[in-house]
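Please take these sequences and the hints and turn them into a complete structure.
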Amino acid sequence: MPKLKTNRGAAKRFKRSARGGFKRGHSHKRHILTKKRAKRKRQLRPVVAVHGTDVARIRQLLPYS
Numbered sequence: 001m002p003k004l005k006t007n008r009g010a011a012k013r014f015k016r017s018a019r020g021g022f023k024r025g026h027s028h029k030r031h032i033l034t035k036k037r038a039k040r041k042r043q044l045r046p047v048v049a050v051h052g053t054d055v056a057r058i059r060q061l062l063p064y065s
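Just so it is clear: in the sequence shown, position 35 is 35 by the working numbering, and no numbers are missing.
Derived from the structure by calculation, the hints contain no laboratory data.
The beta-carbon is built from N, C-alpha and C at its ideal position, and this holds for glycine as well.
One should not assume that every hint holds.
[Claimed, not checked] List of simulated lysine-lysine pairs, DSS-like, C-alpha gap at most 30 Å:
#1 LYS39 - LYS3
#2 LYS3 - LYS15
#3 LYS23 - LYS39
[Said to hold, decoys possible] The calculated label-pair distances, taken between Cβ atoms and stated as ranges, are:
#4 ARG59 - LYS36: 15 to 23 Å
#5 HIS26 - PRO63: 24 to 32 Å
#6 LYS35 - LYS3: 43 to 51 Å
#7 LYS5 - LYS39: 35 to 43 Å
#8 ARG42 - PRO63: 32 to 40 Å
#9 ALA11 - ARG42: 26 to 34 Å
#10 MET1 - ALA38: 49 to 57 Å
#11 ARG30 - SER65: 19 to 27 Å
#12 LEU44 - PRO2: 35 to 43 Å
#13 LYS39 - TYR64: 34 to 42 Å
#14 ARG8 - LYS39: 28 to 36 Å
Next up, the structure:
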């Protein structure tokens with residue numbers, strides 16, 4: 001059976017968590033930050049877990065993580 005390819009876009013966005021799920025960062029934190037309030041930028045800071053309904057799809061994109 002041939003090797004599976006990792007989706008490189010997904011590999012840059014998601015990391016495996018210790019319990020087998022996936023972690024992700026928030027969007028809207030890269031540019032045009034001057035018009036965003038400090039509270040909004042602060043709430044975008046932490047890394048969060050991927051929703052459970054999306055984990056199976058990400059697992060397909062990252063077969064070796």
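Taking the hints in turn, this is what the structure says about them:
no.: 1; hint: LYS39 - LYS3; verdict: violated (45 Å)
no.: 2; hint: LYS3 - LYS15; verdict: holds (21 Å)
no.: 3; hint: LYS23 - LYS39; verdict: holds (22 Å)
no.: 4; hint: ARG59 - LYS36: 15 to 23 Å; verdict: violated (33 Å)
no.: 5; hint: HIS26 - PRO63: 24 to 32 Å; verdict: holds (25 Å)
no.: 6; hint: LYS35 - LYS3: 43 to 51 Å; verdict: holds (46 Å)
no.: 7; hint: LYS5 - LYS39: 35 to 43 Å; verdict: holds (41 Å)
no.: 8; hint: ARG42 - PRO63: 32 to 40 Å; verdict: holds (35 Å)
no.: 9; hint: ALA11 - ARG42: 26 to 34 Å; verdict: holds (27 Å)
no.: 10; hint: MET1 - ALA38: 49 to 57 Å; verdict: holds (52 Å)
no.: 11; hint: ARG30 - SER65: 19 to 27 Å; verdict: holds (24 Å)
no.: 12; hint: LEU44 - PRO2: 35 to 43 Å; verdict: holds (39 Å)
no.: 13; hint: LYS39 - TYR64: 34 to 42 Å; verdict: holds (39 Å)
no.: 14; hint: ARG8 - LYS39: 28 to 36 Å; verdict: holds (34 Å)
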